[in-house]
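With the hints in hand, could you dock these two chains into one complex?
If you read the protein sequences in the order shown, they are chains A and B.
Position one of the first sequence corresponds to residue 0 (numbering that gives the first Met the number 0), numbered consecutively onward.
Position one of the second sequence corresponds to residue 0 (numbering that gives the first Met the number 0), numbered consecutively onward.
What the simulated footprint calls covered on chain A by chain B, stretch by stretch (three residues with Cβ under 8 Å from a Cβ of chain B suffice, anywhere in the stretch; the number is not a length):
(1) 85-99
(2) 132-138
(3) 420-434
(4) 496-510
For lysine to aspartate or glutamate, the following EDC-like pairs were computed, each having C-alpha atoms within a straight-line distance of at most 20 Å:
(5) A:Lys179 / A:Glu433
(6) B:Lys64 / A:Glu445
(7) B:Lys231 / A:Glu505
(8) A:Lys179 / B:Asp104
If you are wondering where the hints come from, they were derived from the structure by calculation, not from laboratory data.
Note that CB positions come from ideal geometry on N, CA and C, so glycine has one too.
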Amino acid sequence: MNRTTILLSSLLITVCTTSLMAQEQQFETVMTPAFTPITWERLVNAEDEPENWLMYSGTLDAQRYSRLNEINASNVSNLEMKWAYQIPVIDRAETVPLVVDGIMFITEAPSNVVAVDAQTGRQYWRYDHELPDDLRICCGRNNRGVAILGETLFMSTLDAHLVAIDARTGNLLWDVEVAKHDSGYSKTAAPLIVKDLVVTGIAGGEFGIRGFIDAYDAVTGELAWRTYTVPGDGEPGNDTWAGDSWKTGGAATWITGAYDPDLNLVYWGTGNPGPDWNGDLRLGDNLYSDSALALNGDTGEIAWHFQFTPHDVHDWDAIQVPILADINYQGQPRKVMMWANRNAWFYTIDRATGQFLTGKPFATQTWAQGLDVNGRPIRVPGLEPTYEGIMVSPPITGGTNWYSPGYSQQTGLFYVTSFDGEQIFFKRDEDYEEGERFTGGGGRYEQPMDAFHSSIRAIDPATAEIEWEFPIMPRSSAGITTTAGGLVFSGSADGYFFALDAASGEELWNVSLGARVHAAPITFQIEGKQYVTIASGNVVYTFALRD
Amino acid sequence: MGFYSMFRWKWLLVSGVASLSLFTFTILPATAEDGGALYNTPYDISNGERYFERQCSRCHGFDAKGNDETGAPDLTGRLRRASTEVGIFNIIREGVPGTAMLPVDADLPDTRVWQLVAYIESLRYDPNSVELAGNANAGNGLFRGKGDCDSCHMVAGRGGRLGPDLSRIGENTAPEDLLNAMVAPHDAVDPRWWTLRITGADGVARTGFRMGEDSFSVRIMDNDANLWSYRKNEIRDMQRIEESTMPSYDQLLSESELDDLVAFLFSLRREEN
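Just chain B, with the same shape it has in the complex (with noise of 0.2 Å):
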């Protein structure tokens, strides 16, 4: 859960707020067509969690973040079939055709689904709504200079090859993990970036990111930026490295260049249409 509980009201006055919503379901229709969820109090929230556990989690996850086993995407981030509430509700009911999504239950309610749609809407929220105490232009100018982050992180196609490309990086992370990857970068590296040392059949060991593997055969990329592949059967030695090679900038930046830089990426996201 971490950061993203706290843009979410759930289980907040849910005794208090059940009553009103109950008196609510009564006298207000729902359809798609009504253009947005009318059950999005923290009662509907919670209900449309606890069907999401119950009804949807075995696919895309007890955290609603997907499943590559199973192809149900990550519902946290932007969605890609739908952009409305009313879409979400229409997947919802309707399911996706030709995959495992399966419409659900015709005898389910509206208000059920709405609750459901609810849930899901509050598991993104308004970046707008979000304040932060840095200053993202500062923050850009901490990138491009005193922190040297383009040296191995592209943004908007400017930068190095050396680490992810972060031009929309605001769009799924949450402003506390972006301080917490710059000021301990070793906590949970995605094994794209460990490193590998691998010694090859001409005997030579090389390091570098490991940019892929597989059951039988391995790709790295070293400093300057060249890319080694190797079959596994024909690797004589391959430790692995599972840290960062990013340094910390606990030390390095002060507290308040961290807020600039962290409001700077904050603000990376598509431009929106």
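Same shape as in the complex, but just chain A (with noise of 0.2 Å):
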């Protein structure tokens, strides 16, 4: 081989080595592949395609079932994985991933999203939402979920900002903020899309922000409406707060509200009243902290609005998401709204007017007697903090918290992770200063984790009976999704994905994954096969029945 060959080999070799360099890179910029925009016909009737999961809770009454059932009672035990996604910031992972024709969008700590393929769990593409330094968030880097429009995805970030993202490549398409992060506002939750509107919630209630549901042009992204969850000056409701203390109430809203498209109501919960603990300089009932709002799906009017706990002084947001269903009620047909509080009581409630229907303790609780006619608590004198510690049940954390209940439409029962606890509750003096936390007071447990109970409870929402139980030792976040396959499927504290047999609560499949489940499972189907999704510790599980 003389010079001229050696010369000429090694051009040919780098111009071949450039070549795939380039098309390499080109590979790394791919888009995800076509699919059909999501219209708002389709959300309206998501249930109809379950291979695909298309908003935070699958379908826009928030049910979080499934009408798959390849995967069912017979032949869940050969479910194995078939990938897993490592997420690479090292946060936990409160994500609920959507699937859109076999497309997955999965949202990380902080506020970043990635989109994968859905079978193999490998990378399209990946948006980086850069943050400030000084950001004012209360429980750790939380993102969960985004919602889908068109080809759109709509995600809240944790400076307070709303944004979207062409679901093609994962460019910005437009970002507004939504609220001062130095002021204590940040954003957690998925988005709810009601026709051309996103609407969406803030977080903040350790702020002593004033909290509001706001709803957002999906093109644009200019305001459509905003409705504070604190009445302000001259406003109905206003009167609940003693002087200004209003201006600084809280009641976030940092969980995905429902929707039904027939009452046109948005279904929202809100948090806690602010400063939690301590509630000397705002006395009344608070409204409308730790309550369930409807508003009109146009305007964001208030049409009606149920206050779970008046006046809270325990920190027991009624941040849950509303499950909507039709239900026979005392031999008749009632469209209600099911909901299982940090309170430690479970409500069913007609969703057309707000009437409370029924009502009873889900966990242990120490706090109220008993509700009235009108569904308010009875409550036990003297169990309000004090500067020496008061021990009252539930404990912060609640009966329940943020983790989504399922309903089973094939069961007619809601399910709803359950703890019961006690905490002694402190209350402590603070001024209000903008962009400190603002909580007054705190609670502390007395006993270790493991000497307390947690289960799945299931509930029937006609009379708010517990139909079973599942123990789960020794407590879970997790959320819940029922399957028209008749299984329950969850996770827990300590690493576990499993089913339950919706009907009996019998244990029929475990997964140990090894990290804590902080999110709700999903379900989806590519190609006839079926798959399940849950998030453990900072990966991404999915799970399909054995080839």
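Below, the structure written as structure tokens:
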């Protein structure tokens, strides 16, 4: 081989390599495969396309019930892992992915989103949201998921922005500041699409914010309406706050709501009044903290409200996903909303009118003797937090919390992750300073977690009676998904992902994933095969039946 | 609070020291490079405590003992990421990258951060400053001899496996709590040392320490140090005995012997480098 040949060979190799690199670079910037844009009609009828998981709670009624039944009680023990996606940022994953025509969209801490092939877990694109270094967040760097309309994803970010991202490429389309992050506002929850609006809440209940629910134009990002969850001067309900305490009244809206297209009502829960554990300066019921709100989908106007915990001093946010269903109540068909509240009481409410139908405790509680005919709690006197501390049940984390409950159309049962615990509550005096925590106290456990009981409980919404329970040791902060295969899927803080028989609560299958499950499962189908996905620790796992 | 309050000066002479401290604020510069907290008067500590309760307790707990849910560490024992006041200051100022531990507000004055450092430091104490009635060497003898503690407990690699290893028990247990654990062992038994009586699929009932339990499985160790694992859905019966298997030493040892054992146990800590 002479010099010329060597030179030519080297040149050829260089050209080939360069060409390969170019191809690879091009490959790295791939878009997702094309998918049929998601119309509002498809979201209304999401139940009819169970192969996709199109919104945080699966369907607008938030039942987290899938019609898929390939995986069922007879074969669920044959589930095996198909792939795992490792989230590069170490934090706890609370993500509930969406799946659209075989493409999965996963949000990650702190405020990122990645698109992967739902059959393999391999990445298409990622969007990293740039964050300032002076965030005000109470409870970790979380993001729970995106919403989709057309070919656009919508995501909340920790700096209290709402961003629109092209679902095909991950390109940023628009970015609006919802509220000032350095005043204590942040955003963690998946938005909810209502027609052509992006409805979204706000976090910051530990920073003396004034809560609200917003709706933005999905195309332009312009604010369409804002409904404050603490009424302003002169508005109805403002007189439930002593003095100017409404200005720092909290009532954040940090979990995703539900929507009834027939009634055109958006249902959304609100959080604790501020400061959390000291109510001395905010005497009154403190509307609309700890409430379910029903809002007109076009205007945001409050149609009705139901306050679970008037003048809360224990941080029992009504931050639960409302589940809507049409059930038989006392012999009559009834459009209801079901709600297992952090205050340890379960409620069934007429969702057209807000009328209280029935309610009972679903977890250990010592603070209320009962509910009156309107569902208002009859308090046990003397259980407000004190300077010295006082033992109350449920603890701050509640009889349940933000983790999604589920409902099965097969069994007619409501399923909730519940906790029987107690805690010593303390009160402190604090002055409000913008951007600083404003909580007025705190809590302390007297026993280790293993000393308490936790379980998944199945509740009959017509009677509020517990039908069965499945014990979990030591506890769980996972959501629940039900399927037409007769299954209830959930996870636990000790790192299990498992399936129960929806009718009996019998254990059918479990796998140890080795890290806490802080997320809710989803299920979907590709090429006729059903998959189940759950985030555990910092990993997103996907399972299907053994081939 | 209990024992620790003895080692905190909090709330003492607050008003008297306050005016002095305010004067101190104005004349002394404070940065991490200064090499330590200049703000460690009782007034500073109580200010630090108030700030801690407000800003830090959500994750670290109202008693600063941490929270395994949030991953926030216990701040009352030996700190893993900082061994000096400057180290603590820097973590508060800068946060811990890649974790939920964010930096404090950049506008927060250094004085306030130092007060927080002083409060966190007040949660610990210098063991050399604690004077105990007992004699640690005599306690060592009792531990291996009359007390027969080493038949169940290990210290420095010697002893039994039927109770907790006590090699570093003095690091995070106060003398009065050590005494209480010996005379009233059934108070606040850690679930790890509960006794479980389990009847398995084979119909045999076995009793042992609760070595581990989760939603779907449980493990016990019997008195012969055999480990038995069960799947919960195969268990016929399970009883929990939420008491310690340790005898009370209230009547078994004299008061001075108990003091000696406390002195010995309190001396058990990691060797300093």
